[in-house]
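There are 2 protein chains.
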Amino acid sequence: MSALNTDFYELTMAAGYFMAGMSSEIATFELSVRRLPETRNFLIAAGLAQAVEYLQNLRFREEEIEYLRPLPQFRNTRFEFFDFLQDLRFTGDLFAVPEGTPVFPNEPIAIIRAPLIEAQLVETYLLSTFAFQTSVASKAARCVIAAEGRPVVEFGSRRAHSPSAGIFAGRAAFIGGCSGTSNTEAGLLFAIPLFGTAAHSWTMAFGSEEKAFRCLQELLGERTVFLIDTYDTLEGARLAARMGRPQWGVRLDSGDLVSLSRQVRRILDDAGLRDAKIFATNDLDEQRIAELLRNGACLDAFGVGTQLATSGDAPAVGAVYKLVEMRQNGGVQFTAKFSADKPTLPGAKQIYRYPDRDVLGLYSECNRDFQGEPLVRPVLLKNELLEPLPSIEASQARAKSSIAALPGRLRSLEQSEPYPVEISSTLERLTDALRREKTT
Amino acid sequence: MSALNTDFYELTMAAGYFMAGMSSEIATFELSVRRLPETRNFLIAAGLAQAVEYLQNLRFREEEIEYLRPLPQFRNTRFEFFDFLQDLRFTGDLFAVPEGTPVFPNEPIAIIRAPLIEAQLVETYLLSTFAFQTSVASKAARCVIAAEGRPVVEFGSRRAHSPSAGIFAGRAAFIGGCSGTSNTEAGLLFAIPLFGTAAHSWTMAFGSEEKAFRCLQELLGERTVFLIDTYDTLEGARLAARMGRPQWGVRLDSGDLVSLSRQVRRILDDAGLRDAKIFATNDLDEQRIAELLRNGACLDAFGVGTQLATSGDAPAVGAVYKLVEMRQNGGVQFTAKFSADKPTLPGAKQIYRYPDRDVLGLYSECNRDFQGEPLVRPVLLKNELLEPLPSIEASQARAKSSIAALPGRLRSLEQSEPYPVEISSTLERLTDALRREKTT
Numbered sequence: 014m015s016a017l018n019t020d021f022y023e024l025t026m027a028a029g030y031f032m033a034g035m036s037s038e039i040a041t042f043e044l045s046v047r048r049l050p051e052t053r054n055f056l057i058a059a060g061l062a063q064a065v066e067y068l069q070n071l072r073f074r075e076e077e078i079e080y081l082r083p084l085p086q087f088r089n090t091r092f093e094f095f096d097f098l099q100d101l102r103f104t105g106d107l108f109a110v111p112e113g114t115p116v117f118p119n120e121p122i123a124i125i126r127a128p129l130i131e132a133q134l135v136e137t138y139l140l141s142t143f144a145f146q147t148s149v150a151s152k153a154a155r156c157v158i159a160a161e162g163r164p165v166v167e168f169g170s171r172r173a174h175s176p177s178a179g180i181f182a183g184r185a186a187f188i189g190g191c192s193g194t195s196n197t198e199a200g201l202l203f204a205i206p207l208f209g210t211a212a213h214s215w216t217m218a219f220g221s222e223e224k225a226f227r228c229l230q231e232l233l234g235e236r237t238v239f240l241i242d243t244y245d246t247l248e249g250a251r252l253a254a255r256m257g258r259p260q261w262g263v264r265l266d267s268g269d270l271v272s273l274s275r276q277v278r279r280i281l282d283d284a285g286l287r288d289a290k291i292f293a294t295n296d297l298d299e300q301r302i303a304e305l306l307r308n309g310a311c312l313d314a315f316g317v318g319t320q321l322a323t324s325g326d327a328p329a330v331g332a333v334y335k336l337v338e339m340r341q342n343g344g345v346q347f348t349a350k351f352s353a354d355k356p357t358l359p360g361a362k363q364i365y366r367y368p369d370r371d372v373l374g375l376y377s378e379c380n381r382d383f384q385g386e387p388l389v390r391p392v393l394l395k396n397e398l399l400e401p402l403p404s405i406e407a408s409q410a411r412a413k414s415s416i417a418a419l420p421g422r423l424r425s426l427e428q429s430e431p432y433p434v435e436i437s438s439t440l441e442r443l444t445d446a447l448r449r450e451k452t453t
Numbered sequence: 014m015s016a017l018n019t020d021f022y023e024l025t026m027a028a029g030y031f032m033a034g035m036s037s038e039i040a041t042f043e044l045s046v047r048r049l050p051e052t053r054n055f056l057i058a059a060g061l062a063q064a065v066e067y068l069q070n071l072r073f074r075e076e077e078i079e080y081l082r083p084l085p086q087f088r089n090t091r092f093e094f095f096d097f098l099q100d101l102r103f104t105g106d107l108f109a110v111p112e113g114t115p116v117f118p119n120e121p122i123a124i125i126r127a128p129l130i131e132a133q134l135v136e137t138y139l140l141s142t143f144a145f146q147t148s149v150a151s152k153a154a155r156c157v158i159a160a161e162g163r164p165v166v167e168f169g170s171r172r173a174h175s176p177s178a179g180i181f182a183g184r185a186a187f188i189g190g191c192s193g194t195s196n197t198e199a200g201l202l203f204a205i206p207l208f209g210t211a212a213h214s215w216t217m218a219f220g221s222e223e224k225a226f227r228c229l230q231e232l233l234g235e236r237t238v239f240l241i242d243t244y245d246t247l248e249g250a251r252l253a254a255r256m257g258r259p260q261w262g263v264r265l266d267s268g269d270l271v272s273l274s275r276q277v278r279r280i281l282d283d284a285g286l287r288d289a290k291i292f293a294t295n296d297l298d299e300q301r302i303a304e305l306l307r308n309g310a311c312l313d314a315f316g317v318g319t320q321l322a323t324s325g326d327a328p329a330v331g332a333v334y335k336l337v338e339m340r341q342n343g344g345v346q347f348t349a350k351f352s353a354d355k356p357t358l359p360g361a362k363q364i365y366r367y368p369d370r371d372v373l374g375l376y377s378e379c380n381r382d383f384q385g386e387p388l389v390r391p392v393l394l395k396n397e398l399l400e401p402l403p404s405i406e407a408s409q410a411r412a413k414s415s416i417a418a419l420p421g422r423l424r425s426l427e428q429s430e431p432y433p434v435e436i437s438s439t440l441e442r443l444t445d446a447l448r449r450e451k452t453t
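Same order as they appear, the protein sequences are chains A and B.
The numbering used here applies: residue 14 is where the first sequence begins, and numbers increase by one.
The numbering used here applies: residue 14 is where the second sequence begins, and numbers increase by one.
Please note that the accuracy of each hint is not assured.
As the list claims (entries may be wrong) - Here are some, though not all, of the chain A residues that point toward chain B, as calculated from beta-carbon distances under 7 Å:
id: 1; residue: Y80
id: 2; residue: N89
id: 3; residue: F92
id: 4; residue: H174
id: 5; residue: T197
id: 6; residue: F203
id: 7; residue: L207
id: 8; residue: T210
id: 9; residue: D245
id: 10; residue: A329
id: 11; residue: T348
id: 12; residue: S438
id: 13; residue: T439
Bear in mind the hints are in silico, worked out from the structure with no lab data behind them.
Treat the numbers as computed from the prediction; the structure is a model and nothing was measured.
All residues carry an ideal CB built from backbone N, CA and C; glycine is no exception.
All chains should be built: construct the whole structure from the sequences, respecting the hints.
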């Protein structure tokens, strides 16, 4: 976690604000998603815990400043800027929706209010943290919906975008409803249940499938999952059946999972192993899980890897971090961007959630003027945590109950009519006035 | 970089191998890609430097072992296993193609030969490291091809899958041919040129576009890039033109880039700024760049963000890590998987590159029997680096010259007839013999 893990223009802007004497102006930025991917009817906010950890530990190390100092872009920057960087800490406020909250386009997932340079510098890290975990949590929620009560485990670390991404994919997938992860470091860091038993290489290394199965059973007892498709799936199933108890069951990782799972079920049942389960992996996602179950596959649990850890059908949500307010000399200047295809709404905003819609109002409007539940809460004030963050289990529970409370059509795997996000009349008037001022 | 950043089954298998007395058997695993994404005619290998760093520093920390010890999956594991983990270092060999080398399906990007437990444990980290950087380097190469000589800069950190992914995206994009990155930490770690000047928030924070432009020019001089679309693009262009020299030029980030770039070009030319350049961003990728140039856009450089840092159209390549040999008591046992849809080839392999095709032979075959250039080289022997790794500039140069040497059709942005990867007659005979042995 380095303060240099940021887009370079954050640092050139920081130098420029410093040179222009704007260091102490207070800026408010909102982090939100511009639009939903076609294959998402909602997003599940995640990443707040890592954002807090980053903000609370933000600082430039000596060698980082020495790297920046001679760069040609800072040739006209006074040397006091580097002293300023040396002492820089995050001193501002963070407001956010709790992790596990469903969110929609243009709704603030997080709001940063801080001295301009601080608020600007943290943009890149916060965007990648919130956007990635939110993508994965949302994908996980869909897989869990598709599995209709069967456990879904996140298995995608090997396909994640760098080893660190695998850790956060495991965390976000758990918030989205997964039962656990294969990423051992995520297990340690976040106390998430770990899953995994053996790979094909296990069977190959022993030479004999039977010896491989016996050794696994001795090791794992009732947690044993026999991976039966290294050579011939049905032969593997017969061998697993002969192993008898204890075993959890078997895993299928190739072939026609509908037909194979039914044949394997029969083999296990015929051997009296009616309580042995069948676990499926192999390029699964929510659509594939739904299709398997629709076609009568006998499957008890799913491992989802690549598609979950990379949010494969929507590998990026268009998260943005936009300046919405500047405070100087006691006054507030609302700001917005009115470029052709990417306009933004001015002012720090609150989300009010009603049973069938959200309303975006200005954060400064009075909560009592709205019936809906306000979702954005203060998290850090002057970089002090107001209260401990919820546990990851609480975030998972929040996601589960909030998804259940959404209009039913949003829980379809198909694209549904969008959830309405309305704008308060005060916010609408402000936006119109500002557009007139800036574009005419 | 933690030894626990691995799939949990690597650790249960490690315990099982330890219990079965197989710790000292020497295993050989190959890391390769099963098939190319539809939108890739070749991949550019990347990630080797991080793989080496990981292998050379692999060790379990005390608290990591204490986390594992009480897990129920290790209930039947002798406590000596944890002493073994405590002392575990990577002691094996790594063979790999140099970074920047074009590779094709089933070709070994890396080969690990090590005591079985070590070789197994490193699977997850190596897969995510090689697969992600290889994806991004390959995507970068396509963007650079599309830009026809104009610079392409990697700008995607904010959309990368976690902040760390942004660093490695910057690195891999540079190997693939990008001129630099916006990721400042990648600049520090890998000595990659940094790009970036200012965001829309810069213009909004100053309130006045003119003041914002003037301050940027004072800061950056001839490196100034005016972002002209915060409010009205053509007004922004006229203002940039009035700023005169020094300036590099302007950036367009929204709207119809063909029409706007032509109008902006005229405004700059009319002001006598014929050498001012136009930089384009806004959800670009190789197809979009090619389309813009085909349609006559006046653009001099491109910033590619989301699609590059997430390899958006192919966010995962199906990289696999398969056991190909076991050595015990002086003999070699070749291994392969023959499951229905995901078979593998046995034996450690060498890639021989001919002008128009590759041939995969066994690594143990004699190089002199092949005319093609052998691409896989020893990198670590007993975890000692044979020679310093090439510089990142050398890897970029290797990618550039190797791509130029490929058959021309592979440099198309459209899917081309696949590059032939043949199999030596020795490898073919071995595969057939092993299939008969294992499946009948």
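Evaluated hints:
Residue-level restraint check for Y80/A holds (minimum Cβ-Cβ distance to chain B is 5 Å; threshold 7 Å). For N89/A, the interface hint holds, since its Cβ comes within 7 Å of a Cβ in chain B; the closest pair sits about 6 Å apart. For F92/A, the shortest C-beta to C-beta distance to chain B is roughly 14 Å, which exceeds 7 Å, and the interface hint is violated. For the restraint placing H174/A at the interface with chain B, the shortest Cβ-Cβ distance is roughly 4 Å, inside the 7 Å limit, so the hint holds.
Taken as an interface hint, T197/A checks out: its beta carbon lies about 4 Å from the nearest beta carbon of chain B, inside 7 Å. The interface hint given for F203/A is broken, as the beta carbon of that residue sits about 12 Å from the closest beta carbon of chain B, more than 7 Å. Given the 7 Å rule on beta carbons, the hint for L207/A holds: about 4 Å separates it from the nearest Cβ of chain B. Interface hint at T210/A: satisfied, since its Cβ lies 6 Å from the closest Cβ of chain B, which is below the 7 Å cut-off.
At about 6 Å, the closest approach between the beta carbon of D245/A and any beta carbon in chain B falls short of 7 Å, and the interface hint on this residue holds. At a threshold of 7 Å, the smallest CB-CB gap from A329/A to chain B is about 5 Å, leaving the interface hint in force. Satisfaction of the interface hint for T348/A is found here, the shortest Cβ-Cβ separation to chain B being roughly 4 Å, below the 7 Å cut-off. For the restraint placing S438/A at the interface with chain B, the shortest Cβ-Cβ distance is roughly 24 Å, beyond the 7 Å limit, so the hint is violated.
Given the 7 Å rule on beta carbons, the hint for T439/A is violated: about 21 Å separates it from the nearest Cβ of chain B.
In summary, the numbered hints that this structure violates are 3, 6, 12 and 13.
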